[in-house]
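K.L.:
Build out the structure end to end from the sequences listed, making use of the hints.
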Amino acid sequence: MAVSDKSGGFDGVKTDILLESGTNELEIMEFTIAGNVFGINVAKVTEIMKYSKVNPMPNSHPNIEGVFKPRTNIITVIDLPGYMGLPPSENDERDMFIITNFNKMSAAFHVHTVEGIHRITWTDIEKPDNTIYGGQEGLATGIAKITDKLITIVDFEKIIYDISPLTGIQMEEISALGPRERSARPIVMAEDSALLKKMILEALQEAGYTNITSFTNGQDAWDHIQELSNQYDTIKDFAEHVSLLITDIEMPKMDGHRLLKLCREHKILKGLPVLIFSSLIDEAMFDKGERLGATAQLSKPEIGNLVATIDKFILK
Numbered sequence: 001m002a003v004s005d006k007s008g009g010f011d012g013v014k015t016d017i018l019l020e021s022g023t024n025e026l027e028i029m030e031f032t033i034a035g036n037v038f039g040i041n042v043a044k045v046t047e048i049m050k051y052s053k054v055n056p057m058p059n060s061h062p063n064i065e066g067v068f069k070p071r072t073n074i075i076t077v078i079d080l081p082g083y084m085g086l087p088p089s090e091n092d093e094r095d096m097f098i099i100t101n102f103n104k105m106s107a108a109f110h111v112h113t114v115e116g117i118h119r120i121t122w123t124d125i126e127k128p129d130n131t132i133y134g135g136q137e138g139l140a141t142g143i144a145k146i147t148d149k150l151i152t153i154v155d156f157e158k159i160i161y162d163i164s165p166l167t168g169i170q171m172e173e174i175s176a177l178g179p180r181e182r183s184a185r186p187i188v189m190a191e192d193s194a195l196l197k198k199m200i201l202e203a204l205q206e207a208g209y210t211n212i213t214s215f216t217n218g219q220d221a222w223d224h225i226q227e228l229s230n231q232y233d234t235i236k237d238f239a240e241h242v243s244l245l246i247t248d249i250e251m252p253k254m255d256g257h258r259l260l261k262l263c264r265e266h267k268i269l270k271g272l273p274v275l276i277f278s279s280l281i282d283e284a285m286f287d288k289g290e291r292l293g294a295t296a297q298l299s300k301p302e303i304g305n306l307v308a309t310i311d312k313f314i315l316k
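The sequence shown begins at 1 in the numbering used here and counts up one residue at a time.
If you're looking for bench data, these hints aren't it; they were derived computationally from the structure.
Hints may contain errors.
Label-pair restraints from in silico Cβ distances [as the list claims (entries may be wrong)]:
id, residue 1, residue 2, range
1, Tyr232, Ser60, 52 to 60 Å
2, Met84, Lys198, 36 to 44 Å
3, Asp92, Ala184, 23 to 31 Å
4, Glu290, Pro87, 42 to 50 Å
5, Pro165, Thr113, 29 to 37 Å
6, Arg182, Pro62, 40 to 48 Å
7, Ser164, Tyr232, 42 to 50 Å
In this text, a Cβ means the ideal position worked out from N, Cα and C, and glycines have one as well.
P.N.:
This is the structure in structure tokens:
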């Protein structure tokens with residue numbers, strides 16, 4: 001992977017990993033801020049560019065540096081060192097922009113260095129201890145040990161939400177659905193972000209779904225539903241205990257695509273409705289989910305669409 005001469009961008013950031021299905025692998029881009037090592041899922045990254053001065057935006061959030069227009073689109077730049085409470089670099093001419101796209105929006109994150117890309121499995125990533133890493137207020141979604149170092153996987157969705165709450169789950173979307181029935185039909189959810197899990201659970205309960213069992217990774221969700229499925233001979237009987245599965249894609253231990261693949265290969269769980277609710281739903285990821293047999297795929301933070309889709313299976 002090389003740096004282009006003109007723009008400073010990395011060519012081929014999205015590699016052939018997107019062509020694979022259910023392998024439980026990912027690629028982590030390692031970057032540093034003030035000597036601290038962090039990581040981001042390459043699936044979120046569209047380009048890497050050398051740092052350049054940006055146009056400030058009056059009255060914006062203090063961690064928004066401004067905007068710039070590298071090509072055809074104007075992109076907001078987030079001061080990641082400032083957001084994290086870390087010092088700026090001594091020579092910003094060596095700094096970098098990590099340009100991302102998730103939740104159907106683009107942003108550039110100002111970092112100090114980009115060190116490279118590591119291909120690992122989700123089993124290599126451990127969920128951080130909530131007591132140490134701040135629980136819902138923390139920024140770490142996982143810790144990956146790669147060779148001789150620990151890389152903290154950063155919750156970029158939370159950063160965007162903290163800076164612009166309107167980009168997050170909006171309860172008004174539930175209210176717009178009108179009067180709701182209450183349902184105790186059992187739903188299983190796998191979501192690793194403490195903040196998003198809390199918000200999604202609150203929204204689903206507001207929508208009338210009161211029987212939700214949640215897990216912070218795909219492995220625990222799989223262990224739960226597989227163990228239950230061993231007690232039944234048909235999906236109809238099993239549905240009395242799990243009617244529907246909602247899963248994120250990015251999760252420690254086992255990602256949502258691997259979880260989906262295991263379900264579709266199981267004699268009972270192959271008939272279980274599986275909804276993918278993720279910030280990574282672009283054309284490539286949608287195709288991957290379709291090949292694996294996803295019942296539906298919805299982009300965060302569109303909670304109204306998620307509830308409407310659940311309704312089709314639970315309230316029918």
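K.L.:
State for each hint whether it applies.
P.N.:
Hints, one by one, checked against the model:
no.	hint	verdict
1	Tyr232 to Ser60: 52 to 60 Å	holds (54 Å)
2	Met84 to Lys198: 36 to 44 Å	violated (22 Å)
3	Asp92 to Ala184: 23 to 31 Å	violated (56 Å)
4	Glu290 to Pro87: 42 to 50 Å	holds (45 Å)
5	Pro165 to Thr113: 29 to 37 Å	holds (30 Å)
6	Arg182 to Pro62: 40 to 48 Å	holds (43 Å)
7	Ser164 to Tyr232: 42 to 50 Å	holds (45 Å)
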